[in-house]
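S.K.: What follows is the residue order along each chain.
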Amino acid sequence: MLMRCGPGCHCPSPSPSNLIPKRVTSKESCQATDGKHRQSQKMIHSLFLINCSGDIFLEKHWKSVVSQSVCDYFFEAQEKAIDVENVPPVISTPHHYLISIYRDKIFFVSVIQTEVPPLFVIEFLHRVADTFQDYFGECSETAIKDNVVIVYELLEEMLDNGFPLATESNILKELIKPPTILRSVVNSITGSSNVGDTLPTGQLSNIPWRRAGVKYTNNEAYFDVIEEIDAIIDKSGSTVFAEIQGVIDSCIKLSGMPDLSLSFMNPRLLDDVSFHPCIRFKRWESERVLSFIPPDGNFRLISYRVSSQNLVAIPVYVKHMISFKENSSSGRFDVTIGPKQNMGKTVEGVVMTVHMPKAVLNMNLTATQGSYTFDPVTKVLTWDVGKITPQKLPNLKGIVNLQSGAPKPEENPSLNIQFKIQQLAISGLKVNRLDMYGEKYKPFKGVKYITKAGKFQVRT
Amino acid sequence: MSGNGHSYGEQAGEAAPELAQEAAPTTAPSVPAAFGLFSSDTKKNEDLKQMLESSKDSAKLDAMKRIVGMIAKGKNASELFPAVVKNVASKNIEIKKLVYVYLMRYAEEQQDLALLSISTFQRALKDPNQLIRASALRVLSSIRVPIIVPIMMLAIKEASSDLSPYVRKNAAHAIQKLYSLDPEQKEMLIEVIEKLLKDRSTLVAGSVVMAFEEVCPDRIDLIHKNYRKLCNLLVDVEEWGQVVIIHMLTRYARTQFVSPWKTDDDVVEEYNENNFYESDGEQKEKDRNVKKTYTMDPDHRLLLRNTKPLLQSRNAAVVMAVAQLYWHLAPKSEAGIVSKSLVRLLRSNREVQYIVLQNIATMSIQRKGMFEPYLKSFYVRSTDPTMIKTLKLEILTNLANEANISTLLREFQTYVKSQDKQFAAATIQAIGRCATNITEVTDTCLNGLVCLLSNRDETVVAESVVVIKKLLQTQPAHHGEIIKHMAKLLDNITVPVARASILWLIGEYCERVPKIAPDVLRKTAKSFTNEDDLVKLQILNLGAKLYLTNSKQTKLLTQYVLNLGKYDQSYDIRDRTRFIRQLIVPNEKSGALSKYAKKIFLAQKPAPLLESPFKDRDHFQLGTLSHTLNSRATGYLELSDWPDVAPDPAVRNVEVAESAKEWTAILGKTKKEKPTEKFYSESEEEEDESASTGATESESGSESEKEDKEEGSSDESSGSSSSSEESSDSESDSKESTAKKTSGAVKESNAEESKKKAKGISKNRNTSSSSDTESSSSEGSSSDSKSVSDSRSDSDSGKSGSATSSKKEEKTAQDRKTPSKQDVFLLDLDDFYPVTTPVAVPTAAVLSPSLTADLEGLSLSGSSVIDVTTQVFVPTKTHEMLHRMTGKGLSAHYHFSRQPDMFGDHMVPVQVTVTNTTDQKIENIHIGEKKLPLGMRIHEFNPIECLEPGGSVTVSMGIDFCDSTQTASFQLCTKDDHFNVNIQPPVGELLLPVTMSEKDFKKEQGMLTGMNETSATIAVAPQNSTSLVIIEKVVKAANLGVVPSGQDNIHRFAAKTVHSGSLMLVTVELKESSTAQLIINTEKTVIGSVLLRELKPVLSQG
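Which chain is which? The protein sequence lines are A and B, in order. Under our numbering, the first sequence has 67 at position 43, and the numbering climbs by one with no breaks. Under our numbering, the second sequence has 482 at position 83, and the numbering climbs by one with no breaks.
Hints were generated in silico from the structure; no laboratory data involved. Any given hint might turn out to be false.
[What the hints assert, rightly or not] Computed, partial: chain B to chain A, Cβ under 10 Å:
#	residue
1	R780
2	T782
3	D856
4	G1034
[To be verified] Calculated lysine to aspartate or glutamate pairs in the EDC-like style (CA-CA distance at most 20 Å, straight line):
#	chain 1	residue 1	chain 2	residue 2
5	A	K349	B	D856
6	B	K472	A	E309
7	B	K472	A	E165
8	A	K104	B	D819
9	A	K454	A	E252
10	A	K364	A	E252
11	B	K474	A	E165
12	B	K448	B	D461
13	B	K739	A	E309
14	A	K382	B	D446
15	A	K469	A	D273
16	B	K474	A	E252
17	A	K479	B	D783
18	A	K382	A	E109
19	B	K1287	B	E1322
20	B	K816	A	E434
21	A	K382	A	E350
22	B	K1432	B	E1493
23	A	K403	A	D107
24	B	K775	A	D295
25	A	K403	B	D783
26	A	K201	B	E857
27	A	K421	A	D358
28	A	K382	B	D783
29	A	K201	A	D320
30	B	K1402	A	E309
31	B	K1401	A	D295
32	B	K474	B	D446
33	B	K820	A	E103
Think of the CB as a built atom: it goes at the ideal place given N, C-alpha and C, for glycine as much as any other residue.
Turn these sequences into a full structure, and let the hints guide you.
M.R.: Below, the structure is given as structure tokens:
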């Protein structure tokens, strides 16, 4: 219902004739004007931002204007899909192709006219969303609406004629300064602008990721080694599939042009690595050392996968008893979570989410620890456990109320577990040392390890 | 809804003119204005106009911001055009930019007014600030006003030779815009593209290739000369450019190289062989002789090698682009390296997953092996969106084979029970496909599916029935039991497809269930009127079939059903009924056909093929939009088939002098523009760093290659880093003089440095740079004479020695400039690093560190622990060089002394013994004219002034064989005569032994796997099986260093090649029953395979 009113309201036609045939004609007419310019309309032609209720709240065209009505095809596809997650990222319409991503409750719908690698567009759209996030702290409809001028300036810089121009945050920040309260106050008084008037030096060099003239009084370099365990645990508790994926996120605040090299105690653990462009690939190939001139600020240095030969330690176990009685409108639910192979660290931040079958009406449960909620509309059970202490294992148990008359659910729902372990990289990866060349000062260095559950699923 | 109502009204007013404009963009501006009058924004716009006309920048800025806000919401702001365009010359950069935004949006609609702004842009195009020049060009080319085409053309031409690469990049973008505005300009634009393709800036490369793809994708000839440069620059191009370039190069390579797939099995070996001969300069001859063997073009290899590191990119599009390149271009054995990276992308966003999974699905149909190791990565999670689940399932099904099917089926069992019924149904189909593809499990699957028939969910049951039907059809055997079971189910199943399927089955195999079939007909006849059309048709079919086989029992029933059908509402059914009646019920009118009724109805029906929906997608290039949509997208460029015969590879050779000149010109200008710019500082930084981390020879080699690059021969010399594989097809004697000169220089610098050599060049560097300029310049040329000679090899064809030498002077001159700055960096290392102004350094970073790093890695860099040692063994075997009969009494023999450091690091020392067998003195024996293959150098021995009769003298000479077993031919001269002689080195002599620990050995070995590994199993003669004998034999055959080994049955040897310093690791592993595994790991695969061939007989013979 919500979807329906969206296109209705935003069809550019003033008459109520927003029927499909009418729309097609309008599109064709617009195509006719384009036809004059022949086929060559490469890459990203236009971008529409659409919120969850189907309002197009921002549009940007890099070439001639494409009518909003093209989005109707998107709405059509959206309606067909079961949920937002299932809206196909690539939609073909009579004259255009729509490639969209869904981020933070916003659809970024780009209009394409000719062949282009779809990943190119998808990756770019995500980069746009990342930039918004970076600039405004969040990538939400309100943030974008509030900063619409900066958004426009950004989009203008990021894409020229549909081809990416500057996507490095360090460069963009020199061209267009991110909004801060202080700056907006100053600007309104002095009339100075947010827009830089010289070409960022990074743009010309081959280290476009670093801006020039960085100065800090406290020089710091922090690295967060974050590992996530992806796992599928089967009914009997044995591991069907487990893998460790990790990233190293860095926060580098160093003056000048530091040249860093980071080495590991056990680099052979890293099976497959993807790098930030700043990393010298050959140096890694030959010496297994990460050598780079870092961007300024926060960035992801590498992401890696731990080789599958290594056995993955599973830090928690789950005992479960979920059953639905035949010909009765109730079932039993009993889940206990306990620590296992956690290397002497505490497992904390444990949250369990379960998508209960549709037939479940309500749940009456008692938790020995933490609190639980059950949303009868989405049928999602969330149990926020918190810390696991081995002395008293957290348990959630009670009665499940089923819709009477409905058949007993075929399958028990699988349990999705989240957890966190501080000060531990579960793969055993350890940073050996960080050296800095090129600058004289002594930076403050820090490395933090953390292990989290990634896509951690227990089948029941 | 109420809120929306408001916005509806607001929009209604403005959307209309917009539509009108779209229909006719050139209509007079008055039309929108007239509509605008009725809009609720009229007043607001009035006040915006006032603000724009105010004298205060802040008011203007506010107004512009609001206008941009309107544009962003899709509201019409075109009536403000005159007011806005006035501000185009504003001093305030932000206002200016916002005006640009406005202009780009509305200029097309208000062409006349837009022309007012043109002069401002023309002025801005001459602005000293490159950002302003660039953005002026951007806007000028973005306002789609046909009248300014000539101005745009002029601006683009001018900008394409701008000093700032950023402006040139924008020029490349403008090309596409102008082309879409006026395709008539194509020819002129192609000229600009051609010019920009030659550009060396990584900034420009991506954009110009994009323009190329847009404007003239068929002009593949423009790429030839730039091919190698593009390959070499690729790593340093920004990620978006990489994607475009890789896709373009994929297309290019498919037209220029021959298929590596035809003789896939022996590709690697052939490739080695040929490569080896290539450096002989005999490649073409060889090609003619052996047409059928496959040679990978070195340029083809270059592309594959230079794209490989990009698999590690963080950008999914780049990874996918490389993956498709490998898929379409690499030998099948090598394509596997991409799978790991593709699987990594599955951790990414939903949209990326979707595209990647689609591509994997296509790949996994053709080459299962690629993704089999990652089977578990495709296991489905209940939280995945359905579209991802189905794709994963598709891949799992493609990957199923005898070995993994049992695990897969267990996994499928979980999926079948999924709450997501659409997915459960897809799983059942997948099981069906597995069952037909893998005969071992057909029965298991069938049983499993039959069990599912008792599932509570109807869609699951229905899907199972349909799949079982298909399965039984493919297996027309004894499945009476299953049919009976299904017949029983008929009472409960309501899904029409499933019911129809059951009825069809019973009809088709009614002879197997003779008792049940009539009963089923009886039951369905009763419910006929309430059935779905689909089911009705099958009831009719069943009736007909039974009538033909078992007319006694079913005649009446069938006629009843036919009568029902006769009066059915659906004409399809009425038609069918009439048809069947005529066919099966005999009457006087029925023609000849009814005789064959049984044959018609009960003919063997072909089993349906259960195929993947991704089966036919592979005719689209992977990673493209067309592939994703499975239909041709507009502008899709077909990937051509491999040519049968490769076009002339020589077209890719590049003249070096021209580019050098060009570059120096650019260099000079840039310097003028920015006097503070330090061109070399980046490389020095590199050096500084490498010195501190322990530089190695190879590293320094590429270092100076890089210097070369800066000096002008950028792409050629970096191309030469791959010299071993570069085809050196043009060979000329004019180069000889160069060689002499270079070797002369080498001699000097090496004489003083030879002692330090063992410790790696890092020391050299310090010495040379701290000493006078002369030595450092000679060092520059000596430490990488390889790159010098190679860069020449590209250009030498028509060049005289004088031109080369003048270039050399130029080079020296530049080198002289370098050390003055270099001193500071090199001496100080990191402790005394001078405080550079932070602004100056980044501008200086013209060459990226990563490029350097890449060049470093191209020749394998060892680590500091690997040291050259003295030879283990000196062979005594001598070879004849000149027989006394042919030498008129002068005879000469040579042997390889294996003494390192005699003549410098690239030279193989050779001892020549000259004997006088005549009875007269022979005077002035020296080396005369040399006929050397490309790059080879000889260090002559000192002339022997006089040789007494019967006397003999041993002299030493050095030959740089360039790591090949090519023959060095030269003349041995006496006072009166000269004789042509040859020296051909056994491959074992092209090595320098090195020491390393076992651990290092293994580490190095680990890095040299795959392509870089050759191995063979050999029989070992029994007397050879002791370790001492083995070591002795191996070391005798090749100049290898012994690596201490922890195991008795494994012997390890290590060396590096004399010329390039590539590691050569030899492992002999004794096995039972007197066989041994001989493994050679080296980057120099050619030498590796030759060495392998030579070592084989050594151990097998007694």
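S.K.: Now tell me if each hint is right for this structure.
M.R.: Taking the hints in turn, this is what the structure says about them:
1. R780: With a closest approach of 5 Å, the B:R780 hint holds.
2. T782: 6 Å, holds
3. D856: 6 Å, holds
4. G1034: 3 Å, holds
5. A:K349 to B:D856: 17 Å, holds
6. B:K472 to A:E309: 49 Å, violated
7. B:K472 to A:E165: 13 Å, holds
8. A:K104 to B:D819: 16 Å, holds
9. A:K454 to A:E252: 15 Å, holds
10. A:K364 to A:E252: Satisfied, since the Cα-Cα distance of roughly 16 Å is no more than 20 Å.
11. B:K474 to A:E165: At roughly 18 Å apart (the allowed maximum being 20 Å), A:E165 and B:K474 satisfy the hint.
12. B:K448 to B:D461: This hinted pair holds, its Cα atoms lying about 11 Å apart.
13. B:K739 to A:E309: 16 Å, holds
14. A:K382 to B:D446: 57 Å, violated
15. A:K469 to A:D273: 14 Å, holds
16. B:K474 to A:E252: 46 Å, violated
17. A:K479 to B:D783: 10 Å, holds
18. A:K382 to A:E109: Judged against 20 Å, a Cα distance of about 19 Å means the pair holds.
19. B:K1287 to B:E1322: With a Cα-Cα distance of about 13 Å, the restraint between B:K1287 and B:E1322 holds, given a limit of 20 Å.
20. B:K816 to A:E434: 6 Å, holds
21. A:K382 to A:E350: 16 Å, holds
22. B:K1432 to B:E1493: 12 Å, holds
23. A:K403 to A:D107: Given that 20 Å is the threshold and the Cα spacing comes to 15 Å, the pair holds.
24. B:K775 to A:D295: This hinted pair holds, its Cα atoms lying about 16 Å apart.
25. A:K403 to B:D783: 17 Å, holds
26. A:K201 to B:E857: 59 Å, violated
27. A:K421 to A:D358: Holds: A:K421 and A:D358 sit about 4 Å apart, inside 20 Å.
28. A:K382 to B:D783: 18 Å, holds
29. A:K201 to A:D320: Judged against 20 Å, a Cα distance of about 14 Å means the pair holds.
30. B:K1402 to A:E309: With a Cα-Cα distance of about 12 Å, the restraint between B:K1402 and A:E309 holds, given a limit of 20 Å.
31. B:K1401 to A:D295: 17 Å, holds
32. B:K474 to B:D446: The hint holds at about 17 Å.
33. B:K820 to A:E103: It holds: about 19 Å lies between the C-alpha atoms, which stays within 20 Å.
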